[in-house]
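Protein sequence lines correspond, in order, to chains L and U. Positions 1 to 381 (this note's numbering) are the ones given, in order, by the first sequence. Positions 1001 to 1194 (this note's numbering) are the ones given, in order, by the second sequence.
For the record, the hints were derived by calculation from the structure and aren't laboratory data. Just so we're clear, the structure is a prediction, and the values are computed from it rather than from any experiment. There may be inaccurate statements among the hints.
As the list claims (entries may be wrong) - The calculated SDA-like cross-link candidates involving lysine to any residue, where the alpha carbons are at most 20 Å apart (straight line), are:
{"hint": "1", "chain 1": "U", "residue 1": "K1077", "chain 2": "U", "residue 2": "F1093"}
{"hint": "2", "chain 1": "L", "residue 1": "K311", "chain 2": "U", "residue 2": "G1110"}
{"hint": "3", "chain 1": "L", "residue 1": "K373", "chain 2": "U", "residue 2": "M1099"}
What the hints assert, rightly or not - What follows is a set of in silico ranges between Cβ atoms, one per label pair, in the way DEER data are often shown:
{"hint": "4", "chain 1": "U", "residue 1": "E1184", "chain 2": "L", "residue 2": "D267", "range": "24 to 34 Å"}
{"hint": "5", "chain 1": "U", "residue 1": "E1079", "chain 2": "L", "residue 2": "G249", "range": "33 to 43 Å"}
{"hint": "6", "chain 1": "U", "residue 1": "A1094", "chain 2": "L", "residue 2": "A349", "range": "28 to 38 Å"}
{"hint": "7", "chain 1": "U", "residue 1": "R1050", "chain 2": "L", "residue 2": "A251", "range": "56 to 66 Å"}
{"hint": "8", "chain 1": "U", "residue 1": "E1079", "chain 2": "L", "residue 2": "D85", "range": "51 to 61 Å"}
{"hint": "9", "chain 1": "U", "residue 1": "N1047", "chain 2": "L", "residue 2": "K57", "range": "28 to 38 Å"}
{"hint": "10", "chain 1": "L", "residue 1": "R309", "chain 2": "U", "residue 2": "D1036", "range": "44 to 54 Å"}
{"hint": "11", "chain 1": "U", "residue 1": "D1036", "chain 2": "L", "residue 2": "K262", "range": "47 to 57 Å"}
{"hint": "12", "chain 1": "U", "residue 1": "K1123", "chain 2": "L", "residue 2": "D267", "range": "46 to 56 Å"}
{"hint": "13", "chain 1": "U", "residue 1": "L1173", "chain 2": "L", "residue 2": "D49", "range": "22 to 32 Å"}
{"hint": "14", "chain 1": "U", "residue 1": "P1181", "chain 2": "L", "residue 2": "A69", "range": "41 to 51 Å"}
By construction, the Cβ of each residue, glycine as well, lies at the ideal position given by its N, Cα and C atoms.
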Amino acid sequence: MRRRDFLACACCASLAPGLAAAQPAWEIPARFARPDAGSDEGGLWSMMDREEVRLRKSPFSLRDPKLQAYVQDIACRLAGEHCPDVRVHLVRTPLFNASMAPNGMMQVWSGLMLRADNEAQLAAVLGHEIGHYLARHSVERLRDAKSRSAFGMFIGMFGAVGAVGQVGLYAGMFAYSREHESQADSIGVLLMRKAGYDAAEAAKVWENLQLEIKARPDGDASRSPFFATHPPAAERQQALAELARASPGGAANEAQWREGVKPFLRDWLHEEVKRGQHEESLALLGRMIARSPALADYRWARGEVYRLRAKDGDLDSAVADYLAAIADGGEPPDTHRGLGMIHRARNQAAEARASFQRYLEAAPDAADFTMIKSYLEELRT
Amino acid sequence: MRTHRGTLVAATLVVVLAGCAAPVTKVDSGEQTVGDRLQVSLEGPWNQVRAPALAPAQVWTMEGLPLDRLLVYSGIKNEQLIHAEGPASLKNFAFRSTMQPDEIVAMFEGMLTRDGSSFKLVKLGPASFGGAKGFRFEFALTRRVDNVQLSGVGYGTVSNGELFALLYQAPRLAFFPRHQPRVEQMARSARIKT
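Pulled out of the complex, with its shape left as it was, chain U reads as follows (with noise of 0.2 Å):
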């Protein structure tokens, strides 16, 4: 019965292979501008990605993945993919310029999920990012690849039409609550030039 199983591997696929003999370079301390418009202060360097699967997100890491990853979303426009576009099997989710945070979120949901992971939603509230009003959300996510139980939190901000969001995951356990901090100093920092 089998009517799935080939979605699910290819979804898992894809996010394996976006980590897999990928080209790193550092992203230094300081000021640093995401995409044309997202600026961010950094308290210490990270390491970027390339990981076209996730694109157009840029993918950060700390300890290298897939252990923890910051997607970093600037300037995503009405009806873009906020992933690289799968196979014909697997549902893609797009950004609509009307989507209330929850519907956001739910996307996002949708998207952690594609490789059938398990999302909950811990904790979605109102904060101020990229200098406007936006919103922050923590998530527990459990890998479907390894079971392995991952916290997360996530910051977003419509401007303009277009969103602009952070989306932080890492394991619960020691890495989530070693780097959360950092995160949250950036997300704070985070201004959008308009």
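For reference, chain L alone in the conformation it holds in the complex (with noise of 0.2 Å):
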């Protein structure tokens, strides 16, 4: 099949699913073969390769075999053929975002795996991404990209922002188009279909991604620039929620997903809270709670959030959440630091003194051991 025959039988599918199920069923492409080195396309796989080994070496890159191999193997089923040709990258970066280069390399970032509540809705973002590759949209974003300028713009689309220097600096100016976006959308669902997936929870991706939007203080998602290319959220969830109805049914597989995280939960929801981001962090941590409540981890983390905020009412919240963490059992032993500030910030100074007991006994050692140590002396006097 031609790409641009692919292309519109693929938008067919998509775009209208009653007409979908009347028309022959949309088959994946074959593997790509590697284009030749002296084409265009030839180049920028070659580029990739090198930043791919570059990323290989990457203090930002999550080498954790177990939970690589996991969603490695998620992201087999969703390409089927292509899974010879797929390389999953974790990278320990908190922010919601995932992207496929051309040559297969693809990138998972830790933010979005805090962000998944199971593993469909994971399959939901590495489908999107894999339907960007089988639609070879990023060759027709290459040929769009005629200045110099705009090439490395485009380069950084697979998230090669700081490993191909400056020219990489203008990363996500340049994206893909909405269509694609689309597109890209459709081909997920029905990949998602075919791994076995519930296509719902694609919607709920960008229902939880909302919720988060509209926290932000100027609550305006207009002004990011990823909404400048990308069709809004809502409108997105729309689309996606329409193309689930059509085929119901699938798994979510949250038991598995929150077994394949739990080792890395704690990690994650640090670096969630040190963005500072904490309206969005609070959006996104009362849904976990709302979801899990009896999660020490979480209440932990909306705690800190409250704490650093520090605004009217704050400092009540997360007395409140630490205290459900210790209540709930095996809470970070920054639970009892974070209890332990606030408590000295009010001159409690017995309260104060048996929660920096507590944190230094359960983390001795503690980057911070000789303040909360000075801490201690000054409240003793």
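Build the complex from these two chains, which are given one at a time in their own frames, with help from the hints.
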């Protein structure tokens, strides 16, 4: 099937699901051969190959064989025959993001994994990226990027920011078109269904993201560079929900996902708190607590965000969350430190002492050990 | 799914452009006053770089940006930003006079990681700074733009509700150990004029 025919077919299947039922089943294209090295696409592949070597060595790379194999397996289930060409790289960055380069290098950021409620939601995002890959959208964009500066922006589409020098700094200003994004959504949903996932979870990804966007102090998603070139989250959520309704069923695999990411959750929450985007974090953590009210880590993280924001009533909310985390059990040691800080600021010496002592007992190697020790001495006098 | 890539890029641009074509002036050895109230004694000269993106900090360097960087904050007031206001997509970090040392460190951490860099607190403890009770911290920073691993040291104190602080960072293998003693000496010499 020629690429243009393939895209047209994918578009029919995705944008008019009722009509698509009467159409011949859409087929995933055969694996792509490596393009000729002398072609523009071949040059792009070579550049991405070099980028992938750098990514493997990057200190931001999350090197955990078990988690990597788990996410790779999800990608493989979606990619089907293309599985050998898709190489997943987990990247430690607390933002919602994934990308796939035309050579098959796929990046999955920790902020995305933190936000996925289940396997199906991660699959929705990975399926979308594989959709760009299968439709070879990047090649179309490459040919649009005529000028040198535009090419730099183009390279940045694949997460190469920082690794290709200043030419990549304009990444994000050059992105897939809205049409490409919609097509990738449609293909992603088809891949989800094929892999046995519940496609309704794709719409929930955007529903969840909207909660965070609306919580921003400006509350205006249109000010985000992302929405300059992407369909708005609400529009996207609606389109995906319609697609999912055409073919209900499938698995979400929530329990498997929770188990798979459990060893990393505390680290990812630490990174989320440290972003300093308090309103977005509160929206995210509120949603997570509603889903898993007994998980101490979420309570600790929200308490920490409240404490650091410190607006009216925030310290009371922080104390409530810290105490709930302690009541749940298995709380991070930092829970006691946070509680101690608030008691100290409120001149509640006995309570502060008790909290700091518990913190130092639980975290004797803490970076701020001497600082907390000095607070204890100060509180004794 | 590039929801935040634009944010990272904007932050990176702010950081990189902060060091581009900036006028450099020499800061001589001896007694120097930063802002109106922070007095330091320098053993050897520094280079001061004009970097509006990092204002109200004064930006000093020994080797040149972006190799090493000393940020000097003098008299930052309650609710004042510790850097120039960036694009709407970027989080701004402001000082609050009620902040405890760990919150001040978290504020600096937020500022240093706006471009996606990674920050790890290595040590935080009490220390005298500016003739007042303050704190000293050490950190490791992995710079997003080039994956370079930096070491850093900071000092700070809050005096009459205003923040006074030094924040030095340099590549950890050669430049940081080379210049750290000079920064420590400078921190020890610091005095806040009343």
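### Task
Provide an ascending list of the numbers of those earlier hints which the structure does not satisfy.
Checked against the structure, the hints that fail are numbers 5, 10, 12, while the rest are satisfied.
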